[in-house]
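J.: Next come the chains, spelled out residue by residue.
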Amino acid sequence: MSSIIRTEKVRRSFPIGNREMLEVLKGIDFEAEEGALTILKGRSGSGKTTLLNILSLLDDPTSGKVIIESRDMHSLSLSQKEKFRRYNMGFVFQSVALVPIMTAYENVDFALKLANYTGDRDARIREVLSIVGLEKRMSHMPAQMSGGEQQRVAIARAVAHKPKIIFADEPTGALDTASGLAVIKLFKQLIEKEGITIVMTTHDPNLMCFGDRVYEMEDGELSYVPAE
Amino acid sequence: MFRFIRFKIANKKWLNFSLLIGIVLLSAFLVVFPMFKEGSLDKLIQTMMTESLEKKNVFPAAMETSNKIDIPDYKTTDQVLEFMNGYEKTWTTYVDCDVVSRQQRLHVAPGYIDDSLSGRSRQFYFTYYDEFNEHSKVVYGVRPEDASESTDENVIKALKEGAIPCTVSQYTMDNEGLAVGQVFEYKFKYKDNEERWSLVIVGIVEEKENDGYYWHHRLAENNRELYFTKEQFTKMIPYFTERGGIYYEETILLDYTQIDSTNAENYYSYLKQFRKMDKGYKDNFLDLLGSFLESRKTINIVLFTFELPIVALLLLFIYMISSQILEMETGEIAMLKSRGVSRFQVIRLYLLQSAVISFAGSLIGLPIGYVFCKIGASTDSFLVFALKDTSIYKPNVQMLLFAGIGFVLALLFMTIPVISLSKYTITERSTRKIAKRSVALWEKFFVDIPILGISLYLLYNYLKQRESISLTVISGGSIDPVIFLDSSLFIIGCGLLALRLIHLIVKLIYKIGDKKWKPAEYVSFLQIIRNSRKQGFISVFLVMTIAMGIFNANLARSVNENMEQRTEYNQGCDYRFAEKWGVFTKTDMSTTETLWNYTEPDFRRFDVLKDLGVEKMTRVLIDNKTEIKVDAVKEANVMLMGISTKEFGETAELKAGLNDVHWYNYLNDLGQKPDGLIISSNLAEKHNIQVGQKITYSRYSPISSQKLYASSTGYVVGIVDAFPGYESTVYVENADGTVTKRENFLIVANYQVVMKDFRMRPYEVWMKLSDKADPEAITNTLNEMGIRTYFTQSTEELIKEQRNSTLIQITNGMFSIGFIISITVCGVGFLIYWILTIKERELIYGIYRSMGMTMGEIIRMLIVEQIFSSIFAGTAGFGVGMLTTVLFTKLISVVYLPRIHNIPIEVIFKPEDSIKMLAIVGFVLVICFIVICRLIKNMNITKALKLGDD
Numbered sequence: 001m002s003s004i005i006r007t008e009k010v011r012r013s014f015p016i017g018n019r020e021m022l023e024v025l026k027g028i029d030f031e032a033e034e035g036a037l038t039i040l041k042g043r044s045g046s047g048k049t050t051l052l053n054i055l056s057l058l059d060d061p062t063s064g065k066v067i068i069e070s071r072d073m074h075s076l077s078l079s080q081k082e083k084f085r086r087y088n089m090g091f092v093f094q095s096v097a098l099v100p101i102m103t104a105y106e107n108v109d110f111a112l113k114l115a116n117y118t119g120d121r122d123a124r125i126r127e128v129l130s131i132v133g134l135e136k137r138m139s140h141m142p143a144q145m146s147g148g149e150q151q152r153v154a155i156a157r158a159v160a161h162k163p164k165i166i167f168a169d170e171p172t173g174a175l176d177t178a179s180g181l182a183v184i185k186l187f188k189q190l191i192e193k194e195g196i197t198i199v200m201t202t203h204d205p206n207l208m209c210f211g212d213r214v215y216e217m218e219d220g221e222l223s224y225v226p227a228e
Numbered sequence: 001m002f003r004f005i006r007f008k009i010a011n012k013k014w015l016n017f018s019l020l021i022g023i024v025l026l027s028a029f030l031v032v033f034p035m036f037k038e039g040s041l042d043k044l045i046q047t048m049m050t051e052s053l054e055k056k057n058v059f060p061a062a063m064e065t066s067n068k069i070d071i072p073d074y075k076t077t078d079q080v081l082e083f084m085n086g087y088e089k090t091w092t093t094y095v096d097c098d099v100v101s102r103q104q105r106l107h108v109a110p111g112y113i114d115d116s117l118s119g120r121s122r123q124f125y126f127t128y129y130d131e132f133n134e135h136s137k138v139v140y141g142v143r144p145e146d147a148s149e150s151t152d153e154n155v156i157k158a159l160k161e162g163a164i165p166c167t168v169s170q171y172t173m174d175n176e177g178l179a180v181g182q183v184f185e186y187k188f189k190y191k192d193n194e195e196r197w198s199l200v201i202v203g204i205v206e207e208k209e210n211d212g213y214y215w216h217h218r219l220a221e222n223n224r225e226l227y228f229t230k231e232q233f234t235k236m237i238p239y240f241t242e243r244g245g246i247y248y249e250e251t252i253l254l255d256y257t258q259i260d261s262t263n264a265e266n267y268y269s270y271l272k273q274f275r276k277m278d279k280g281y282k283d284n285f286l287d288l289l290g291s292f293l294e295s296r297k298t299i300n301i302v303l304f305t306f307e308l309p310i311v312a313l314l315l316l317f318i319y320m321i322s323s324q325i326l327e328m329e330t331g332e333i334a335m336l337k338s339r340g341v342s343r344f345q346v347i348r349l350y351l352l353q354s355a356v357i358s359f360a361g362s363l364i365g366l367p368i369g370y371v372f373c374k375i376g377a378s379t380d381s382f383l384v385f386a387l388k389d390t391s392i393y394k395p396n397v398q399m400l401l402f403a404g405i406g407f408v409l410a411l412l413f414m415t416i417p418v419i420s421l422s423k424y425t426i427t428e429r430s431t432r433k434i435a436k437r438s439v440a441l442w443e444k445f446f447v448d449i450p451i452l453g454i455s456l457y458l459l460y461n462y463l464k465q466r467e468s469i470s471l472t473v474i475s476g477g478s479i480d481p482v483i484f485l486d487s488s489l490f491i492i493g494c495g496l497l498a499l500r501l502i503h504l505i506v507k508l509i510y511k512i513g514d515k516k517w518k519p520a521e522y523v524s525f526l527q528i529i530r531n532s533r534k535q536g537f538i539s540v541f542l543v544m545t546i547a548m549g550i551f552n553a554n555l556a557r558s559v560n561e562n563m564e565q566r567t568e569y570n571q572g573c574d575y576r577f578a579e580k581w582g583v584f585t586k587t588d589m590s591t592t593e594t595l596w597n598y599t600e601p602d603f604r605r606f607d608v609l610k611d612l613g614v615e616k617m618t619r620v621l622i623d624n625k626t627e628i629k630v631d632a633v634k635e636a637n638v639m640l641m642g643i644s645t646k647e648f649g650e651t652a653e654l655k656a657g658l659n660d661v662h663w664y665n666y667l668n669d670l671g672q673k674p675d676g677l678i679i680s681s682n683l684a685e686k687h688n689i690q691v692g693q694k695i696t697y698s699r700y701s702p703i704s705s706q707k708l709y710a711s712s713t714g715y716v717v718g719i720v721d722a723f724p725g726y727e728s729t730v731y732v733e734n735a736d737g738t739v740t741k742r743e744n745f746l747i748v749a750n751y752q753v754v755m756k757d758f759r760m761r762p763y764e765v766w767m768k769l770s771d772k773a774d775p776e777a778i779t780n781t782l783n784e785m786g787i788r789t790y791f792t793q794s795t796e797e798l799i800k801e802q803r804n805s806t807l808i809q810i811t812n813g814m815f816s817i818g819f820i821i822s823i824t825v826c827g828v829g830f831l832i833y834w835i836l837t838i839k840e841r842e843l844i845y846g847i848y849r850s851m852g853m854t855m856g857e858i859i860r861m862l863i864v865e866q867i868f869s870s871i872f873a874g875t876a877g878f879g880v881g882m883l884t885t886v887l888f889t890k891l892i893s894v895v896y897l898p899r900i901h902n903i904p905i906e907v908i909f910k911p912e913d914s915i916k917m918l919a920i921v922g923f924v925l926v927i928c929f930i931v932i933c934r935l936i937k938n939m940n941i942t943k944a945l946k947l948g949d950d
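Chains A and B, in that order, are what the protein sequence lines are. Quick note: the first sequence, position 51, residue 51 per our numbering, numbers continuous. Quick note: the second sequence, position 642, residue 642 per our numbering, numbers continuous.
The reader is advised that the hints may include incorrect statements.
As the list claims (entries may be wrong) - Distance windows between CB atoms, simulated:
no., chain 1, residue 1, chain 2, residue 2, range
1, B, L508, A, D29, 19 to 29 Å
2, B, F909, A, G119, 51 to 61 Å
3, B, V408, A, D60, 49 to 59 Å
4, B, I863, A, G119, 24 to 34 Å
5, A, K193, B, K12, 39 to 49 Å
What the hints assert, rightly or not - Taking lysine-lysine pairs in the DSBU-like style, the calculated list, with each CA pair at most 35 Å apart, reads:
no., chain 1, residue 1, chain 2, residue 2
6, B, K13, A, K164
7, B, K937, B, K13
8, B, K518, A, K164
Quick caveat, the hints were computed from the structure, so don't treat them as lab data. Computed from a prediction, not measured in an experiment: that's the story for all the values here. A virtual CB, placed ideally from N, CA and C, is assigned to each residue, including glycine.
Turn these sequences into a full structure, and let the hints guide you.
T.: What follows is the structure, given as structure tokens:
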């Protein structure tokens with residue numbers, strides 16, 4: 001398998017007052033393979049979300065390179081980055097973050113609209129909602145669904161427009177163990193069915209076994225965790 | 001507890017600050033009521049008093065009594081005067097005003113006395129005025145005290161023979177043909193003795209001052225009086241206490257500026273008591289106070305009805321903000337409940353928190369209300385402010401009471417939402433959150449429809465009763481407050497209906513585009529459709545504020561302009577005055593008929609006024625008691641105008657469009673035919689008079705209102721609906737205080753013909769002024785020239801007076817303050833709503849951005865949302881305001897203006913009023929929008945997502 005995302009010596013610092021800087025990422029070299037589940041594990045505050053934001057072009061590194069599909073993302077303008085995100089990436093967050101005024105169906109439809117999806121939108125929505133097992137709850141509003149169900153809708157929304165990469169930041173953080181496991185299984189299923197690459201952060205040690213590649217973040221430094 | 005409350009307030013400081021603004025405005029607007037009311041009433045009573053002084057030329061607060069003393073205990077003049085002083089003491093104990101002047105007059109009626117010169121027996125009174133010498137001047141001869149210094153031979157001779165010296169007034173001298181040195185013989189029986197007094201006139205006196213203070217009752221009111229010294233009058237007293245008594249008249253003038261809204265009612269009841277208890281008692285301000293008290297009711301009602309909608313809007317605002325705070329704190333409340341805190345304890349906590357904010361708000365509202373009142377009092381029209389003297393509007397104790405009412409109302413509206421929220425525990429809250437409705441209650445239960453129905457039904461009924469409402473107002477009766485409130489009710493009903501329609505339109509537009517909408521529009525539409533309950537609140541504010549603003553601006557404009565147009569029409573020209581002429585009368589001994597002759601003063605004297613900006617000037621003869629005869633039918637009390645057509649046309653003004661053709665055409669026809677007549681259309685209709693028909697018109701004698709003294713004949717050359725200075729309908733007050741409408745008829749003839757046929761009689765002078773002319777300077781010049789006038793009237797000053805009249809001032813003031821408050825509330829509400837919305841949507845915006853949505857798309861999303869919520873609501877508000885203007889202006893205008901007039905009430909809409917108002921609203925919205933955009937731009941996606949995670 002070839003790598004789809006790669007970083008070279010990525011550093012990220014944040015000002016913390018008195019002209020001092022806090023270095024959150026200390027020269028990260030990261031690599032995620034296409035069609036695989038890459039897991040970033042680490043304690044809270046270790047810098048994994050910062051790295052995820054840089055990988056997903058939501059944030060810029062202070063120094064270093066982010067290479068996606070062999071292109072150095074540093075050369076892209078803000079709007080090019082936005083466009084790139086729009087068509088090639090999907091996001092799943094810990095906070096679920098469905099649009100509360102939209103039904104499950106509309107939430108997915110919104111992502112398709114945003115990505116200018118040219119195919120049969122209705123069929124695609126039904127398809128992804130059925131993958132996440134919510135075909136019967138399409139017309140329900142987020143407030144009428146459980147946390148696990150909402151996260152499944154968020155995953156359906158993230159994959160609907162067939163992105164190349166999905167970034168999932170602690171997608172199981174707000175869920176119970178069973179729902180968390182169901183989400184991971186769903187990710188694996190999607191990788192199989194849709195050939196998507198997933199980069200996921202988590203601090204849950206029980207989920208490490210599902211990763212095709214696992215990295216561990218500690219104090220802004222990344223280390224590869226070999227498979228057991 | 002207080003620390004916890006302080007923490008809670010600080011935690012949501014911006015929301016609590018908005019709440020404070022709402023309470024400050026509520027308290028301020030409430031305290032405007034007592035201050036504006038008292039100031040307006042004080043202004044009203046002072047205006048009434050001053051008008052009475054200026055127009056009737058009578059001091060407005062005079063109390064007097066007259067009676068006689070026939071008890072021998074009163075032996076001296078001083079004793080009688082002392083007795084009279086008792087009246088003053090009694091009156092001023094109750095009517096506690098300073099006495100600015102007093103006149104004490106004593107007289108006796110001795111019967112007939114013989115005139116030595118003519119030998120005629122005439123009845124004269126022997127009179128004594130206290131302080132007579134200080135207030136009178138000798139025009140010929142000497143005073144009785146100085147009789148020994150007289151150089152008149154007859155006087156010297158009479159004094160030597162023991163005659164008693166006395167004076168007479170100029171008026172008595174002229175009327176009775178008396179002269180200094182004339183001696184009277186007065187014979188009478190006293191205690192069986194034949195008394196014989198000889199009286200000699202040693203001087204002629206007249207009033208020293210013309211200001212009407214001491215001489216409230218002038219000498220001319222009492223003919224045939226001989227004035228004596230105090231000593232002399234004292235000597236006479238014993239003779240008359242047993243022979244008819246001593247007559248006395250006590251008149252005091254009170255400092256009327258001390259009569260104000262706080263004491264008027266008491267004084268009114270005291271005056272009524274004085275009248276009841278003393279048959280000789282009279283005053284000249286009981287009726288004035290009575291009509292003031294009637295007007296007070298109207299002012300109370302008007303102020304109350306102007307306050308109500310704004311207070312309702314403010315309470316709605318307070319409710320909205322406190323609900324918002326509570327909604328954000330439901331979790332905390334539920335948590336407290338789950339941990340065993342009782343519902344009562346939760347309510348008490350919020351009650352205390354509300355009390356702290358309400359108290360602070362009410363307190364700050366007091367000085368702000370003072371400023372609002374001053375601003376309102378300085379308005380000249382809706383949102384037009386002028387530098388005016390507003391010193392009559394003073395703070396008063398009642399303002400504290402109203403601030404207290406504000407405190408209680410705010411407290412209630414802040415605590416009410418807690419009562420229902422405090423019921424739920426954390427689990428119940430979650431269930432409730434899911435079940436939460438997305439549609440507002442009013443929308444769900446169709447509240448707008450019955451409100452609109454009721455308001456239209458009331459409007460229909462009031463329009464049917466417009467004439468009787470107009471008559472009630474003219475006769476000084478109270479106004480039905482529902483007339484005003486109905487317009488607010490209509491605005492609410494129509495505004496809500498408009499919002500319902502907006503929602504339907506948005507749904508329709510959304511459905512039309514359905515799958516084709518781009519992401520930004522797609523989200524916006526869903527946001528508006530699905531979030532209508534929350535957004536509805538701010539839309540209601542916008543609709544109400546703009547509709548009320550538009551309606552108030554148009555109503556104020558219509559009332560002001562209609563009033564000005566009517567004043568200009570009634571006045572007919574820029575400046576009018578009527579000079580007092582001297583009249584010479586004599587009795588024809590053979591027929592006993594009184595003959596009269598007026599001498600016209602030199603008209604060219606007024607040429608000096610041209611330097612003051614008088615461009616044209618003309619004589620206009622006006623007689624309201626002319627009688628006409630058409631065939632055999634008579635019509636009395638017709639208004640006759642005698643004009644010189646060319647000069648009149650150049651001087652007078654008439655609004656275009658009131659007659660079939662331009663009024664100059666009628667003047668031309670009249671000018672070409674010396675015996676021509678222009679008549680009013682109502683006269684033509686009543687007697688079926690056609691152009692060319694002959695009319696005979698007759699006038700009454702100026703000294704005998706019962707006697708017709710000459711007639712003239714003319715031929716109708718034109719029939720007009722309107723003519724400068726002529727009102728076709730007049731309102732006449734009946735004896736029972738009711739007012740009835742009367743047709744007023746007009747005939748206009750050539751001035752020269754009228755003067756020839758009816759002899760010279762006083763006329764009015766009408767003037768056209770240049771733009772730079774100062775009417776006050778003209779009045780001053782007339783006074784300086786020593787020209788005595790019946791009246792001087794400047795159109796400009798009349799309009800200025802009307803603008804300052806109490807009801808107009810209240811309307812302009814309250815509408816302007818109301819608008820300032822509602823736009824502030826609207827702006828704050830709008831900003832708060834959007835800031836909260838954006839804060840709430842921060843995570844969502846982060847998600848949108850992470851999904852690749854550009855900043856431009858997010859801004860576009862907001863713009864679309866603004867267009868379909870704020871802009872649509874604003875447009876609906878404008879429409880509702882205009883519709884309310886069309887439907888209600890003519891109805892509400894009758895409160896200010898008589899319904900029937902040659903210039904019918906017109907709904908006047910000036911685009912600049914709406915532009916000004918919409919510019920203010922637009923400015924507020926744009927500022928809010930800029931703030932919102934900045935908030936979004938400054939939003940960091942990763943931070944937003946992090947916030948969402950937290």
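J.: All hints are to be evaluated individually against the structure, with a verdict given for each.
T.: Each hint tested on the structure:
no., hint, result
1, L508(B) / D29(A): 19 to 29 Å, "56 Å, violated"
2, F909(B) / G119(A): 51 to 61 Å, "56 Å, holds"
3, V408(B) / D60(A): 49 to 59 Å, "57 Å, holds"
4, I863(B) / G119(A): 24 to 34 Å, "30 Å, holds"
5, K193(A) / K12(B): 39 to 49 Å, "48 Å, holds"
6, K13(B) / K164(A), "45 Å, violated"
7, K937(B) / K13(B), "23 Å, holds"
8, K518(B) / K164(A), "23 Å, holds"
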